[in-house]
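Enquirer: Chains as they are written, first to last, in the numbering used here: chain A, 1 to 156; chain B, 1 to 312; chain C, 1 to 426.
These are computed hints drawn from the structure, not numbers from a lab.
Just so we're clear, the structure is a prediction, and the values are computed from it rather than from any experiment.
Note that beta-carbon positions come from the ideal geometry of N, C-alpha and C, so glycine has one too.
Please note: incorrect hints may appear among the correct ones.
What the hints assert, rightly or not - Which residues of chain B face chain C? A few of them, derived with a C-beta cut under 10 Å, are: (1) PHE43; (2) SER60; (3) ALA170; (4) PHE175; (5) THR176.
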Amino acid sequence: MTGMVFVNVVLRYGFNSGLVISEEMSRFFFVWLTFIGAVLAFAENGHLGVETLVRMFGRRGRIICMALTNILILFCVAVLFWGNWQQWPINATMRSPVAGMPLAYVYGVTFFTAVGVGVIAIWRLFKIVTGRTTEAEIAQFVGDYDTIDALVERGE
Amino acid sequence: QISERTLRIANGIAEDHPVGDGVDAMTQCVDERTNGAWTINAFWSSALGDDLQSAQALRSGTLEMVISSSSPLVAIEPALGVFDLPFLISNEEEADALLDGEFGQYISDMMPQHNLVNLAFWENGFRNLSNSLRPVDELEDFEGMRVRVMQNNIFLDTFQTLGANAQPMAFGEVFTALETGAIDAQENPYVTIDTSRFFEVQDYVSNTRHAYTPFMVLISKPIFDTFSAEEQQILQECSIVGRDVQREASRALSDESLQRIKDAGLEVNDISEENMAKIREAVAGVYDRAAESIGADVIERVNAELAAIRGQ
Amino acid sequence: MTLVVFLSSLLGSMAIGAPIAFALMFCGIVLMAYMGMFMPQIVAQNMVDGANSFVLLAIPFFILAGELMNAGGLSKRIIDFAITFVGHLRGGLGFVAIIAALIMAALSGSAAADTAALAAILIPMMSKAGYNVPRSAGLIAAGGIIAPVIPPSIAFIIFGVAANVSITQLFLAGIVPGLMMAVALLATWAFVSRRDGVEILPRVSWAERGRATLRAGWALMMPVIILGGIRFGVFTPTEAGVVAAVYAMFVGLFVYRELKFSELYGVFLRAAKTTSVVLFLVAAALVSAWLITSANIPAEIARILEPVLDNQLLLMVLIMVLVFVVGTALDLTPTILILTPVLMPLVRQAGIDPVYFGVLFIMNNCIGLLTPPVGVVLNVVSGVARVPLGRVITGVTPFLLAHLFVLLLLLLFPQLVMTPLSWMRH
Ligand code: NA
Ligand code: NA
Numbered sequence: 001m002t003g004m005v006f007v008n009v010v011l012r013y014g015f016n017s018g019l020v021i022s023e024e025m026s027r028f029f030f031v032w033l034t035f036i037g038a039v040l041a042f043a044e045n046g047h048l049g050v051e052t053l054v055r056m057f058g059r060r061g062r063i064i065c066m067a068l069t070n071i072l073i074l075f076c077v078a079v080l081f082w083g084n085w086q087q088w089p090i091n092a093t094m095r096s097p098v099a100g101m102p103l104a105y106v107y108g109v110t111f112f113t114a115v116g117v118g119v120i121a122i123w124r125l126f127k128i129v130t131g132r133t134t135e136a137e138i139a140q141f142v143g144d145y146d147t148i149d150a151l152v153e154r155g156e
Numbered sequence: 001q002i003s004e005r006t007l008r009i010a011n012g013i014a015e016d017h018p019v020g021d022g023v024d025a026m027t028q029c030v031d032e033r034t035n036g037a038w039t040i041n042a043f044w045s046s047a048l049g050d051d052l053q054s055a056q057a058l059r060s061g062t063l064e065m066v067i068s069s070s071s072p073l074v075a076i077e078p079a080l081g082v083f084d085l086p087f088l089i090s091n092e093e094e095a096d097a098l099l100d101g102e103f104g105q106y107i108s109d110m111m112p113q114h115n116l117v118n119l120a121f122w123e124n125g126f127r128n129l130s131n132s133l134r135p136v137d138e139l140e141d142f143e144g145m146r147v148r149v150m151q152n153n154i155f156l157d158t159f160q161t162l163g164a165n166a167q168p169m170a171f172g173e174v175f176t177a178l179e180t181g182a183i184d185a186q187e188n189p190y191v192t193i194d195t196s197r198f199f200e201v202q203d204y205v206s207n208t209r210h211a212y213t214p215f216m217v218l219i220s221k222p223i224f225d226t227f228s229a230e231e232q233q234i235l236q237e238c239s240i241v242g243r244d245v246q247r248e249a250s251r252a253l254s255d256e257s258l259q260r261i262k263d264a265g266l267e268v269n270d271i272s273e274e275n276m277a278k279i280r281e282a283v284a285g286v287y288d289r290a291a292e293s294i295g296a297d298v299i300e301r302v303n304a305e306l307a308a309i310r311g312q
Numbered sequence: 001m002t003l004v005v006f007l008s009s010l011l012g013s014m015a016i017g018a019p020i021a022f023a024l025m026f027c028g029i030v031l032m033a034y035m036g037m038f039m040p041q042i043v044a045q046n047m048v049d050g051a052n053s054f055v056l057l058a059i060p061f062f063i064l065a066g067e068l069m070n071a072g073g074l075s076k077r078i079i080d081f082a083i084t085f086v087g088h089l090r091g092g093l094g095f096v097a098i099i100a101a102l103i104m105a106a107l108s109g110s111a112a113a114d115t116a117a118l119a120a121i122l123i124p125m126m127s128k129a130g131y132n133v134p135r136s137a138g139l140i141a142a143g144g145i146i147a148p149v150i151p152p153s154i155a156f157i158i159f160g161v162a163a164n165v166s167i168t169q170l171f172l173a174g175i176v177p178g179l180m181m182a183v184a185l186l187a188t189w190a191f192v193s194r195r196d197g198v199e200i201l202p203r204v205s206w207a208e209r210g211r212a213t214l215r216a217g218w219a220l221m222m223p224v225i226i227l228g229g230i231r232f233g234v235f236t237p238t239e240a241g242v243v244a245a246v247y248a249m250f251v252g253l254f255v256y257r258e259l260k261f262s263e264l265y266g267v268f269l270r271a272a273k274t275t276s277v278v279l280f281l282v283a284a285a286l287v288s289a290w291l292i293t294s295a296n297i298p299a300e301i302a303r304i305l306e307p308v309l310d311n312q313l314l315l316m317v318l319i320m321v322l323v324f325v326v327g328t329a330l331d332l333t334p335t336i337l338i339l340t341p342v343l344m345p346l347v348r349q350a351g352i353d354p355v356y357f358g359v360l361f362i363m364n365n366c367i368g369l370l371t372p373p374v375g376v377v378l379n380v381v382s383g384v385a386r387v388p389l390g391r392v393i394t395g396v397t398p399f400l401l402a403h404l405f406v407l408l409l410l411l412l413f414p415q416l417v418m419t420p421l422s423w424m425r426h
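Just chain A, same shape as in the assembly (with noise of 0.2 Å):
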């Protein structure tokens, strides 16, 4: 994707002339990097959170806390799903205006992302309800980070 959007800066300075595909082309790339690195920042409890308040509580309240958000996150992905599964047909019949690819490959990865978390959200539920959720998951949760790394990537 760097590649071929500077390719294009220099062809349109160079030799006046760009690649018509690379916009389109590099913002559906960006959607697939968005929507698969979303499942493996949820895997490694990457997403921004506000754990304050979970912070106060102890160790049950934060297990309590910690289901809670795993039932939420599994609703949402499955309301996503299942919009996705409704809005198929629509997309299957739409085709990017320049490159000619069928919406559905852009629209079709939230399918990916919606079912790659819910099964890390179903696991974890497993894990809290029969009580081998470790320490170190509990620590992640609330958000005690071991490295700076993982705070610088949070991008702020």
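Mind docking chains B and C with the ligands on chain A? Use the hints.
Expert: Chains B and C with the ligands alone, transformed into the frame defined by chain A:
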């Protein structure tokens, strides 16, 4: 049978565009005919997403209406590309006759298969070229000019064929790109050049009138289907009331806008009939290449209808 | 009433520790259920539309450029450069921190990354020279938050997209307020450190300064390329990000040779992870923003604020107080994404220039990175400097007040933003 309803209308353009006058007239008409049972909420400047996103929301029934230029909707119905063909329609009278006549109905009839209902064609208008390099007076003047075009293959092909360096770009980025010189030129109706203040960052406007695009007043079919016959008729008729007000406002404003563009110190030029003939000839190939996506039958039909309108 | 539903679902889900992206999705879903139009497609479509923007593409490139800048040794040379010029002054390393922060701000858009890089190099030096470490840590944190105010800025890009405001104009408008923040820090540091008995670095010769400038030259060229390129239209903000990333990679690999090809993978991976976290948040925010707009919540707030809508200054002060309060509990990106769709219609209705508003809004949000209980820059500096959070908070206080003073000046004298902007436009 009239029920309480709220209709949200998404618009890509700003409220001070003539479409605002049309929506006002339509709202007033609806208000009278339903005795205030309907509320119309218009959202402007892409507050609910751009035209294509809104049209998609209509198709899934999550939004009631959108007033969209035909061009972005080509992604949904390729035949709408017919309005993007260069130099198809020559004047407003032709446009009205074509869109309000059989051909307009033919196009409207294509929309229900996409879960959309077209209530009326309003006016976006003739598109003209503005730039910061030179007056465009003949074919050679297009050479190498960095022109922003919509993300649309027909415009892309037209300007590439004319020798320009066509750059597809989202509308929201155009002002800045012109201001900073990342592109030299853009093409839009006078009203847009005026209301989007492109005249602040451009030096020349050429009266190219290279395409006439309509606005389509679309409603979500799944929602429209829940309307009673009487309600459907009210909305249909009020969109026509809105259309007449909108077109009149559009034409009056187009003249005013042109005057403001001139007052802002821009050099405005017409193109001689002789030079225009060469330009038209140069883009003839666009029709053949576009036939594949638009459909040869659609192009044949519009040409036949236009010939009839022109009395040939 | 819709406002109450919106706020309680959003704040409630954030309170139990849900990541903000999912809290925003959830509050969007609750809003649509409340409005009697529970339609999952709204969520699916807006999520993708939210991330599908060429302008937002600038973000990964600026994140990548910042990562490459630190890994490639550009930050180190910028600090060395500052040391040769002001290191010999009383309190010199503090001035070095501010000047280096300012230069790095013109290369990178991330406050946390700049703070981490500065603290890692400067805190050990300052500690050894006898500086008050918590205060030094506070200074570096306060210097780090200049990064999102001076272009390039991820925060301006997100605001520009959310508010539909020209990013180039925001970029240009941020320059003077960013410089003012640096000046305010210089003055405050000179005042609070005036009695410190610290070891002072020897004054270096002009020849040495010249050599340091040359060594840092490749790094110092970068802001010129980025800002000049945007100002004179060589490239759009998105393309500027690409050019910055390619340039930083080239300098790190081939000129300074501190960046190894083997490290590139890690740098790209970290930048990709950060990008997806930020952009997923942007995507989720579009779901709630669409429903906030569709439910006419801004109109509801406008009714409440009716009496002050015709007084621009009073409205701005009210909004700035609100942003400051929200900023104590929320960091930069989430505050922008949550407040922009709510506030922007009010700002436009009151006739306030959106670019002016954007600059103050972002600056105020950056200050939020320094305020407890939630301030990611405080956590970064506390971690790198190994100073407990409480003592960093004490250390940062004078500098926080300095930034607030600048904000107050900009509120009272909008021409401080608008006049330089009008020069730069032409
Ligand atoms: Na910056
Ligand atoms: Na804070």
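Enquirer: So, for every hint listed, does it hold in this structure?
Expert: Consistency of the hints with the structure:
no. : hint   : in the structure
1   : PHE43  : holds (6 Å)
2   : SER60  : holds (4 Å)
3   : ALA170 : holds (6 Å)
4   : PHE175 : holds (7 Å)
5   : THR176 : holds (4 Å)
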